[in-house]
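Chemist: Whenever a hint applies, use it, and build me the whole structure from the sequences.
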Amino acid sequence: MAGSNFDIRQRISAVTDRVPAVRKHVPSLGIGDRLPFYRRLSGGQRFAYRLLLPALAAMTIVHFIPILWGLTISTMGVDLTYASHWYDAPFVGLDHFRYVLGIENFDDVLVSDTVVGERYRNALKNSVIFSVGTLVVTYVLGLTAALVLNQKFKGRFVARTLLLLPWVAPVVVSLYVWRMMFTQQGIINQTLLTIGLIDEPMFFLIGDNSMWALIFAHSWTQFPLVMIFLYAGLQSIPKQLYEAAAIDGAGRWGKFRYVTMPQLKPVSAVIVLLMLLWTMINYTAPFVLLGGAPPKQANVAILYIENYAFGNSQFGRGAAMSVVLFLIAMVMAMVYYRYLFDDETTGAGA
Amino acid sequence: MSDVELDQLTKVYQSSDESVTAVDDLDLTVEDGEFLVLVGPSGCGKSTTLRCIAGLEEVTEGAIRFGDTEVTDDRPKDRDIAMVFQNYALYPHMTARQNMEFGLKMSTDLSKEERADRVDDAASTMGIEELLPDKPKALSGGQQQRVALGRAIVRDPAVFLMDEPLSNLDAKLRAQMRTELQELQQDLGVTTVYVTHDQTEAMTMGDRIAILNHGELQQVGTPLECYHQPANQFVAGFLGEPTMNFLEVGLSDDALVHDEFVLPISSALADSMGSSELVLGIRPEDVILSTADDAGDGAIPATVTVVEPMGDASNVYVDVGTSSVTVSVEGHAAVNPGDEVTLAVDESRLHLFDRATGESYKHSDVEAAALDDADGAVEAP
Chain B
1 MAGSNFDIRQ
11 RISAVTDRVP
21 AVRKHVPSLG
31 IGDRLPFYRR
41 LSGGQRFAYR
51 LLLPALAAMT
61 IVHFIPILWG
71 LTISTMGVDL
81 TYASHWYDAP
91 FVGLDHFRYV
101 LGIENFDDVL
111 VSDTVVGERY
121 RNALKNSVIF
131 SVGTLVVTYV
141 LGLTAALVLN
151 QKFKGRFVAR
161 TLLLLPWVAP
171 VVVSLYVWRM
181 MFTQQGIINQ
191 TLLTIGLIDE
201 PMFFLIGDNS
211 MWALIFAHSW
221 TQFPLVMIFL
231 YAGLQSIPKQ
241 LYEAAAIDGA
251 GRWGKFRYVT
261 MPQLKPVSAV
271 IVLLMLLWTM
281 INYTAPFVLL
291 GGAPPKQANV
301 AILYIENYAF
311 GNSQFGRGAA
321 MSVVLFLIAM
331 VMAMVYYRYL
341 FDDETTGAGA
Chain Y
1 MSDVELDQLT
11 KVYQSSDESV
21 TAVDDLDLTV
31 EDGEFLVLVG
41 PSGCGKSTTL
51 RCIAGLEEVT
61 EGAIRFGDTE
71 VTDDRPKDRD
81 IAMVFQNYAL
91 YPHMTARQNM
101 EFGLKMSTDL
111 SKEERADRVD
121 DAASTMGIEE
131 LLPDKPKALS
141 GGQQQRVALG
151 RAIVRDPAVF
161 LMDEPLSNLD
171 AKLRAQMRTE
181 LQELQQDLGV
191 TTVYVTHDQT
201 EAMTMGDRIA
211 ILNHGELQQV
221 GTPLECYHQP
231 ANQFVAGFLG
241 EPTMNFLEVG
251 LSDDALVHDE
261 FVLPISSALA
271 DSMGSSELVL
281 GIRPEDVILS
291 TADDAGDGAI
301 PATVTVVEPM
311 GDASNVYVDV
321 GTSSVTVSVE
331 GHAAVNPGDE
341 VTLAVDESRL
351 HLFDRATGES
361 YKHSDVEAAA
371 LDDADGAVEA
381 P
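Chains as they are written, first to last, in my numbering: chain B, 1 to 350; chain Y, 1 to 381.
It is worth saying that the hints were derived from the structure and are not from the lab.
Hints may be right or wrong, so weigh each one.
Said to hold, decoys possible - In silico DSS-like links for lysine-lysine, alpha-carbon gap of 27 Å or less:
no. : chain 1 : residue 1 : chain 2 : residue 2
1   : Y       : 362       : B       : 239
2   : B       : 255       : Y       : 362
3   : B       : 239       : Y       : 137
4   : B       : 154       : B       : 239
5   : Y       : 112       : Y       : 77
6   : B       : 265       : Y       : 137
7   : Y       : 362       : B       : 265
Said to hold, decoys possible - Covered stretches of chain Y (chain B as the covering partner; in silico rule of three or more C-beta atoms under 8 Å from a C-beta of chain B):
no. : segment
8   : 81 to 87
9   : 91 to 103
Please read all numbers here as calculations on a predicted model, not as lab measurements.
All C-beta atoms in this analysis are idealised placements derived from N, C-alpha and C, irrespective of residue type, glycine included.
Modeler: As structure tokens, then:
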């Protein structure tokens, strides 16, 4: 910008030098004058910023302020007594973080054990299992469905609509149905009993099976999205690659392994990132399925944070837990992004 | 190595409300080691024919044989073929080396080292050793073309199939690759079926060419045979640049009668015609252009409309009545638009076709020697 300003100035002075009377009307544009940010933008850029403004404003209110607020109170002793005037709460530095992570040898006068820390770490672990499990299940279901839809058969448009239903249906409704199906009198137990696979009803929503139930029910509501991504990916693979592979001697598996999967890599990368992050912060599925008192095997971080923070009115500590979860998600995303774009998306190879 | 035999090959595309016959009852034999060019306009069925040979399309009727083996229903991978596609169809996620190696990996038991050796050999044949670590995205069109050819030759297949492999290259590179491909095919001696819509490629590259139109075979022969002795008006019009001139004439008393001229012909020739409704065909290079006023018997009066200097030759477009005729003149044409000229043509160079069927009654009488000489290396006259 500075260069072009200079050119303009030269041109202006070239004119004004010859016509001294005009000179005083030309605004001072001496070298070193810096225009305000907005003035330095071209018309198109200004227009672009004006268009972005509403979205930025909304994001500031919904995202940036709460994030900053969360970061702030994670360092403050906000509890019930300070709930209505949090800004008066004492500054406690990183105490909350030591506490919620259960780091030994911390000198804290408030609580002297690390039960919360242990539970929180367990909840973080559960969140990771939940995310990875959901990713695997949705990817397998989504890819299978996408491969089926990619075949030419009668009624595939109907099939596509039907396969989208779990995602289109209100998620709370879907999850409640799953919750009912998972009960002891639910259809799953009854079916298993009837066909004789089990002798007595299984517990799906408490105990060791609860994580599986959570992953499966959540995956059910999410796999159509993965399916649509992958279906679009499949549609964009050039047919000639399959023909070339057929001539090169690849059979069905060879084509899938060496053409389809590598060609799906870019879209898969996006799916992996989105599903991991979205699941990690998903609140609806664990809450609807497992409620306020989830079994420890399926007590994921987001649920634990909510129950702990609001159950014990320990808002500062809750904020600290959220910040940790936020950091984990951000670091994961960044590492993944770095890896993804260093490797370039067409990667894979034979 | 083997010959390729198409026996009454028919391919019909069936959709719910109509069926389209892409290839109609095609009989064609490609000799062992021969370079055969399938040529014709868009939609003539040449690519479909090639894809049937490759096994990428199901044959509706007829048979395809490689040597003595019938392969009609074999899958592409069981046919021992290699194919070069118009847009190369290189695997974008693989390096050039992996692209070339893939066929060997899929269809042979060769060890990794053996495969690498074969790839290196093929790469040195194509002069692309230094491109091997690159992915297609990093290669130019010409380089991708070489990798695609390398991928085909590394397989050492019985038959090469090429589907307009040069049409995505710029003109200069195309001319260069034309020669190179021909040399390569001669060195390897692999039976090759080459599809193109470009008559120059057909004329210059093929040992023989097969001209297709509307799914039907029009003529098979050496390029010069097809050029000088076209079986019908379609072949005559398709081969040659600029294209042959066609004038509708009637036959009456040993003369060809047109609105603008009367061209006497020998009675022997007149007697051999099967119809009096004819189309007179004259190659642009066979027309003799003259500015002399006093034209002899059978001279055709014409008006120059456009002169196209090409350097070594000029194309002169003239109007004969309402028809346009192209004349090729060596060197610089000493005429200008608007000039009145006369055209003459030697009877031996005339082509005559049946106006209704397009069937050829008479073709140019080129010396037999010229045709004996007719191999793919001879440039189109």
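Chemist: If a hint holds in the structure, say so; if it does not, say that too.
Modeler: Results of checking the hints against the structure:
Between residue 362 of chain Y and residue 239 of chain B the CA atoms are separated by roughly 46 Å; this puts the pair beyond 27 Å, and the hint is violated. Among the hinted pairs, residue 255 of chain B with residue 362 of chain Y is inconsistent with the structure: their alpha-carbon atoms are about 54 Å apart, more than 27 Å. Taking the CA atoms of residue 239 of chain B and residue 137 of chain Y, the gap is near 18 Å; set against the 27 Å cutoff, the hint holds. For the proposed pair residue 154 of chain B and residue 239 of chain B, the alpha carbon gap of about 21 Å is at most 27 Å, so the pair holds.
Distance restraint check for residue 112 of chain Y and residue 77 of chain Y: the Cα-Cα separation of roughly 20 Å lies within the 27 Å cut-off, and the hinted pair is therefore satisfied. Distance check on the hinted pair: residue 265 of chain B and residue 137 of chain Y sit about 16 Å apart at the alpha-carbon level, within 27 Å; holds. Pair hint residue 362 of chain Y plus residue 265 of chain B does not hold up; C-alpha atoms about 62 Å apart against a cutoff of 27 Å. Coverage of the segment 81 to 87 of chain Y by chain B holds. Counting CB-CB distances below 8 Å, 5 residues qualify, and the rule asks for three or more.
Evaluation of the coverage hint for the segment 91 to 103 of chain Y: fulfilled, as 9 residues show C-beta separations to chain B shorter than 8 Å, against a requirement of three.
Of the numbered hints listed earlier, those contradicted by the structure are 1, 2 and 7.
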